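Q: Next come the chains, spelled out residue by residue.
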Amino acid sequence: MNATTEIRYSEIHKFFNRRHLLNRLSLSLEGGTATLLSGENGAGKTTLLRILSGLEKPSECRVDFTPGEPGSNPQPWSQCRRRLQRQVMYLHQQPYMFDGSVVHNLALALPRTMPRLQRGKKIRQALEWAQLEALKEAAAKTLSGGEKQRVSLARAWLRQSRILLLDEPIANMDRESQVRTVALLRRFKNARAALMISSHNHEVFCQLIDRRLVLDSGKLSPAQAPLLPGNVTPLARDGAPSGNAGNASR
Amino acid sequence: MNATTEIRYSEIHKFFNRRHLLNRLSLSLEGGTATLLSGENGAGKTTLLRILSGLEKPSECRVDFTPGEPGSNPQPWSQCRRRLQRQVMYLHQQPYMFDGSVVHNLALALPRTMPRLQRGKKIRQALEWAQLEALKEAAAKTLSGGEKQRVSLARAWLRQSRILLLDEPIANMDRESQVRTVALLRRFKNARAALMISSHNHEVFCQLIDRRLVLDSGKLSPAQAPLLPGNVTPLARDGAPSGNAGNASR
Amino acid sequence: MDLFEATAQALVLLAVFDPALWEIIGISFRVSLTAICIAIPPALLAAFLLAHLEFPGRRVLISLFNTLLSLPAVVIGLTVYLMLSRQGPLGDWQLLFTRSAMVIAQIMLAFPILVSMSHAAFQAADQRAWETARTLGIPSPQAFVMVVGEVRFGLLAAVLAGFGRIIAEVGASMMVGGNILHFTRNIPTAIALETSMGNFAQGIALGIVLLIIAFALNLSLQYFQGRGKLSL
Amino acid sequence: MDLFEATAQALVLLAVFDPALWEIIGISFRVSLTAICIAIPPALLAAFLLAHLEFPGRRVLISLFNTLLSLPAVVIGLTVYLMLSRQGPLGDWQLLFTRSAMVIAQIMLAFPILVSMSHAAFQAADQRAWETARTLGIPSPQAFVMVVGEVRFGLLAAVLAGFGRIIAEVGASMMVGGNILHFTRNIPTAIALETSMGNFAQGIALGIVLLIIAFALNLSLQYFQGRGKLSL
Amino acid sequence: HISAQQAHGGGKLVRLATTTSTDNSGLIDHLAPQFERDTGYSLQVIAVGTGKALQLGKRGDVDVILVHAPTSEARFVADGHGVHRHVVMENDFIVVGPRDDPAKLGGAKSAADAFARLVKGKSRAVKFVSRGDDSGTHKKEMTLWRDAGVEPAWSGRFEVGQGMGKSLQIAEELQAYLLIDRGTWIFLRDQTTLEVVFQGDPSLGNPYGVIAVSPKRAPVNFGGAKAFIDWLTSKRGQRAIGDYTVAGTRLFTPMAGH
Ligand SMILES: Nc1ncnc2c1ncn2[C@@H]1O[C@H](COP(=O)(O)OP(=O)(O)OP(=O)(O)O)[C@@H](O)[C@H]1O
Ligand SMILES: Nc1ncnc2c1ncn2[C@@H]1O[C@H](COP(=O)(O)OP(=O)(O)OP(=O)(O)O)[C@@H](O)[C@H]1O
Ligand SMILES: [Mg+2]
Ligand SMILES: [Mg+2]
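Chains A, B, C, D and E, in that order, are what the protein sequence lines are.
The numbers in the working numbering rise by one with no breaks, and the one at position 101 of the first sequence is 101.
The numbers in the working numbering rise by one with no breaks, and the one at position 119 of the second sequence is 369.
The numbers in the working numbering rise by one with no breaks, and the one at position 138 of the third sequence is 638.
The numbers in the working numbering rise by one with no breaks, and the one at position 158 of the fourth sequence is 890.
The numbers in the working numbering rise by one with no breaks, and the one at position 166 of the fifth sequence is 1130.
None of these hints come from the bench; they were simulated from the model.
Please note that a few of the clues may not be correct.
Here are some of the chain D residues that sit facing chain A, going by a computed Cβ distance under 8 angstroms [to be verified]: (1) D858; (2) R860; (3) R866; (4) G869; (5) I870; (6) P873.
In silico lysine-lysine, DSBU-like type, Cα no more than 30 angstroms apart, as pairs [said to hold, decoys possible]: (7) K141(A) with K391(B); (8) K439(B) with K307(B); (9) K1073(E) with K1086(E); (10) K307(B) with K136(A); (11) K439(B) with K372(B); (12) K57(A) with K391(B); (13) K57(A) with K141(A); (14) K1180(E) with K1190(E); (15) K1103(E) with K1073(E); (16) K391(B) with K219(A); (17) K141(A) with K469(B); (18) K439(B) with K371(B); (19) K976(E) with K1190(E); (20) K1068(E) with K1103(E); (21) K469(B) with K439(B); (22) K469(B) with K136(A); (23) K141(A) with K122(A); (24) K136(A) with K189(A); (25) K372(B) with K386(B); (26) K121(A) with K57(A); (27) K219(A) with K122(A); (28) K189(A) with K219(A); (29) K1084(E) with K1068(E); (30) K386(B) with K219(A); (31) K307(B) with K57(A); (32) K141(A) with K307(B); (33) K1103(E) with K1086(E).
So the derived list for chain D, only partly shown, Cβ under 10 angstroms to chain C, looks like this [said to hold, decoys possible]: (34) I794; (35) I944; (36) N950; (37) L953.
Here the structure is a predicted model, which means the values were calculated and not measured.
Even glycine gets a Cβ: it sits at the ideal position worked out from N, Cα and C.
Let the sequences and hints guide you as you build the complete structure.
A: Structure representation (structure tokens):
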């Protein structure tokens, strides 16, 4: 797959409520690959993604932006916070909409320097993808749960980040939107972005992802149970399953 | 099934943004039955449930609390608002937690007059169901998305409402919690409560529900496509499928 | 400058519980705390209704309360004076130049700022707080208390602003209290008196005394506002 | 009561643009609007940092700003007076008894209330607003402006409270402005003067004039705060 | 202390509205305890501007007033608001100004001459602070301008609309001339660099009158007011006024019976 490691995190540790929520984990985000992060409710998926993207302070963490290169050395998280926020895009489990129309919310993701015409075109494409043309002037705060998630993904597409962390991106979406989301994420991946998706809905992503990590008791490990592409066939129409088929067992 | 109609709504109408979101619908909530409400993102499911529970003002709606009885007559929604709020319990798509511990949040659902001992016992049962014993003293606002949904359901169980409207109750839950939720809802149903569940995740509920309504273009209609219980078999362990098996088509 | 000297002197008087100084401190805080305690419940209720009820004229009413913030204290003082004056409609109560009159004027002073600020706090509250409380079967009065609890941080700021307005206010207290020694002289009117006599240092020293006591009050209130930061 | 007469008379003077009346109105609003405009940006920034940054002493600093709300205006007036007085450290600037001196005093008066109230507003803001802005690649200054936009309702209340405090304030303006006719006499000091002369009706009439103009200002500001109610 | 509310309306409480000059100079603090001891009344003092003091009397909110504005006092009595007016004491007005005395008031022969000199050059360098608040002092100033036959309008004249003490502070800051009553001046002179530049003219007299508020218009404590006036005009009261000194200087001259 020839993946290029974008960022390497090590010694990720988070201590809360007398509990080691994340216990000295290491993790790399690699361009052109998609990782599914699974784990029970409260396992720490959201916390982990927020630490990776520079939003939540870990108890400890070291970050290396040029792993493997000669002379590279990991720096403490607190020194990299702003750089992480700039480079890594995090999509909230419950997306936040700014006051104003849907178009306004989409426009925020575009660089200010972009020429007007190009902006308009980009936003139109995003609206089309999110299937929100009819609501483009509606106040974004009044959108339905699933519509907000679509706006949030459309913003991610407009922002064109090289590293994308998605927290339950499809939880409130209808089936068609879920399929469209997977297709969009595939485009990101083909453009060599690094993707990390936290989700309880593994089947939807089975054809997209390259690896699946399970967060349990503060530790990260590759998933034992294989994915079950068969379970989503009624709706998954594009491409062949990439996971290897097998029996369901848990 | 011998269902008793609890409340009958008619002429439900909601007009927003120059759009007839709900277009003169009628609906009954029947004790001992579970209804799945499906529809695309933005179809108006949340809006409908909120109207039914007296939280959101419809453009028009009439409510009949004693349908079928002699002398019953439907009243305008605005006159029934408080009664609806009291009788119908609505679970938010994104549950709200009050400041304070998980135990505090659970205790809110119990009547103030309940004796201390009984309160403690009930709360312990609820914590056990929600599998939050370890977090019972944690600040509820800091819980993870799925944990909040579990607290919200535990509150519903403590409240013992006869009519329960659930807006995407399992969207952020892990698989095990989903199954437990279905089992809990079955207990509600056996206790002759009226359930209405909005969800994009039909398969999980296929063994529970009695009917499936689709909201589309402001109209409510019985679902055409049959449910596919086969899709969830890996996790659904209790009881036999109640939907009739068939081919997936959409 | 003799400012430090005067302040030091005032602090010494404070520390040795000088009766003259503590008398005016006592009058100040007794009057203003009474006024704020009376004003808070109706003000919170009004603010809550303004934030949550839709009724015609709601926006105008909000604007009106915001506007009343610009009403000079002395005008409120004058109005209360005209009511309580022997020839005024409430002259028979014989309240003029008493602490009760000061309490009345200060309630009127605090009310608009309490309503306006608490309204902003309630408006910023998550609508689901109220809805969840109702849906849990909690009766409206308790649900109101729960929403108050959820926005207590903003409400505390409102109360502090209202209290600051009346504890530091001189025009209305002067007008309806009369700045009578031993009866209605409080810290701000005493400061005004000292200042008008050119005793600047004493004036500032009294101000610092007021601040120190307000600060102590403040710190002891802080535990109400809890951590204040919410995650998500 | 001659109150109605005096008010009617004041309103007539207002309507026919009586130069004497409009002069003091002009001075009032010019001074206070200048002061509030200068105070807002640093106050908002301070409030934002207090709400979003974790640093030692943060809570004490917040308490301090809350406490400063209780500082009598006349004490601030005195402090500015002592700075600007001929013998004071800034005496050479020759600002005492000018409108600039009033602006300085009013900035100091407005600052704590602006910080305290805006801090409450920022604290109530959804943390995701800032995070989402940052994650969309928006630089910190613009992200700050966006968060300001999200809590503009609470901030507007803060600004109105701050403006109300200074437009209606008499102690400091009297002290550093001197209530000099044609130069530094503004509405509150004019009201104080009328009151001290026993012209109570004129005092109230001037207060009503102030209110009317503040109300107009308020209504015109309202469109900023938008609908104010958020669903979900 | 008895609470104000109990005392109010009861016959033992007397409310006095007086000008800031008598209160700020410490005179009332000097007199009140003696009066209370001698008569058994208790005195509440409300120190305000002359106009407001008269207004409080008119509305019956105080029982007795002590002010210095002869014309207004006479009208107050003539209109039936007050009775038993007595002139109880006097001090005089003086003109203070900067040490270098730019308008050369030091050489003035009369008050009229002094006030004419102020306006003469209409120079910005000559500054004058006017009370501008319709108080006794301000009324006196306007009379003096009229007597001097000049129009008091030049860019150096500031109407400040504040009390005597504040006006002195402003005059000090601006290095301006100011008409001030001697009582306040003696009390506050240590705080300024200004000096007396003109004094002693007979037209600068400043008599203080005491008036009981008429019981016909409002239910005031007339007995108490009467007792206060009687005490103030008695030998004991007059001696108490004469005894009051600041830094060795007598502030007010007793006048009752003149
Ligand atoms: N700020 C905080 N303070 C204290 N505890 C916290 C905080 N944030 C999260 N937690 C705790 O950490 C645990 C992990 O939360 P997190 O949101 O990371 O879980 P998650 O894996 O994303 O779960 P879900 O699948 O339900 O979204 C939760 O039990 C929560 O109570
Ligand atoms: N207060 C409001 N003002 C204006 N439009 C609104 C308001 N609330 C909802 N809407 C609009 O109504 C539509 C239906 O919203 P609703 O939340 O009911 O959908 P839903 O069926 O629950 O969708 P989802 O499956 O995504 O949760 C949305 O397009 C939304 O933009
Ligand atoms: Mg999560
Ligand atoms: Mg919904």
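Q: If a hint holds in the structure, say so; if it does not, say that too.
A: Structure-based check of all given hints:
Annotation: D858(D) was flagged as interfacial toward chain A, and the flag holds, the nearest CB pair being 6 angstroms apart, inside 8 angstroms. Taking 8 angstroms as the C-beta contact cut-off toward chain A, the hint placing R860(D) at the interface holds, the least distance being around 4 angstroms. Hint status for R866(D): holds, given a least beta-carbon distance of 5 angstroms to chain A, under 8 angstroms. The beta carbon of G869(D) is positioned within 8 angstroms of a beta carbon in chain A (closest approach about 6 angstroms), and the interface hint is therefore held.
Annotation: I870(D) was flagged as interfacial toward chain A, and the flag holds, the nearest CB pair being 7 angstroms apart, inside 8 angstroms. For the restraint placing P873(D) at the interface with chain A, the shortest Cβ-Cβ distance is roughly 12 angstroms, beyond the 8 angstroms limit, so the hint is violated. Between K141(A) and K391(B) the CA atoms are separated by roughly 21 angstroms; this keeps the pair inside 30 angstroms, and the hint holds. This hinted pair checks out: K439(B) and K307(B) have alpha carbons roughly 28 angstroms apart, not beyond 30 angstroms.
The hinted pair formed by K1073(E) and K1086(E) meets the criterion: a straight-line CA distance of about 20 angstroms does not exceed 30 angstroms. At roughly 24 angstroms between alpha-carbon atoms, K307(B) and K136(A) fall within 30 angstroms of each other, so this suggested pair holds. Straight-line distance between C-alpha atoms of K439(B) and K372(B) comes to about 19 angstroms, which keeps the hinted pair within the 30 angstroms bound. Between K57(A) and K391(B), the direct Cα distance comes to roughly 18 angstroms. Compliance with the 30 angstroms bound is thereby established for this hinted pair.
For a cut-off of 30 angstroms, the pair hint linking K57(A) to K141(A) stands: about 28 angstroms separates their Cα positions. A distance of roughly 14 angstroms separates the Cα atoms of K1180(E) and K1190(E); the hinted pair therefore holds under the 30 angstroms criterion. Using a Cα cut-off of 30 angstroms, the hinted pair K1103(E) and K1073(E) holds, with the two alpha carbons roughly 22 angstroms apart. Among the hinted pairs, K391(B) with K219(A) is consistent with the structure: their alpha-carbon atoms are about 24 angstroms apart, no more than 30 angstroms.
With a C-alpha separation of about 24 angstroms, the suggested pair K141(A) and K469(B) falls inside the 30 angstroms cut-off, and the hint holds. This hinted pair checks out: K439(B) and K371(B) have alpha carbons roughly 23 angstroms apart, not beyond 30 angstroms. Distance restraint check for K976(E) and K1190(E): the Cα-Cα separation of roughly 12 angstroms lies within the 30 angstroms cut-off, and the hinted pair is therefore satisfied. The hinted pair formed by K1068(E) and K1103(E) meets the criterion: a straight-line CA distance of about 24 angstroms does not exceed 30 angstroms.
Only pairs whose Cα atoms come within 30 angstroms are accepted, and K469(B) paired with K439(B) is accepted, the gap being roughly 26 angstroms. Of the supplied pair hints, the one linking K469(B) and K136(A) holds, its CA atoms being roughly 23 angstroms apart against a limit of 30 angstroms. Proximity of K141(A) to K122(A) is assessed by CA-CA distance (about 22 angstroms); at most 30 angstroms being required, the pair is judged to hold. As the CA atoms of K136(A) and K189(A) are separated by approximately 27 angstroms, the hinted pair is consistent with the 30 angstroms bound.
Taking the CA atoms of K372(B) and K386(B), the gap is near 14 angstroms; set against the 30 angstroms cutoff, the hint holds. Simply put, K121(A) and K57(A) have alpha-carbon atoms about 38 angstroms apart, too far for the 30 angstroms limit, and the pair is violated. With a C-alpha separation of about 41 angstroms, the suggested pairing of K219(A) with K122(A) is violated against the 30 angstroms cut-off. As the CA atoms of K189(A) and K219(A) are separated by approximately 26 angstroms, the hinted pair is consistent with the 30 angstroms bound.
Proximity of K1084(E) to K1068(E) is assessed by CA-CA distance (about 11 angstroms); at most 30 angstroms being required, the pair is judged to hold. As the CA atoms of K386(B) and K219(A) are separated by approximately 23 angstroms, the hinted pair is consistent with the 30 angstroms bound. Proposed proximity of K307(B) and K57(A) is contradicted: the alpha carbons are some 42 angstroms apart, above 30 angstroms. The hinted pair formed by K141(A) and K307(B) meets the criterion: a straight-line CA distance of about 18 angstroms does not exceed 30 angstroms.
At most 30 angstroms may separate the alpha-carbon atoms for a hinted pair to count; K1103(E) and K1086(E) meet this at roughly 22 angstroms. Because the closest C-beta pair between I794(D) and chain C is about 8 angstroms apart, less than 10 angstroms, the hint holds. Because the closest C-beta pair between I944(D) and chain C is about 9 angstroms apart, less than 10 angstroms, the hint holds. Interface hint at N950(D): satisfied, since its Cβ lies 5 angstroms from the closest Cβ of chain C, which is below the 10 angstroms cut-off.
For L953(D), the interface hint holds, since its Cβ comes within 10 angstroms of a Cβ in chain C; the closest pair sits about 8 angstroms apart.
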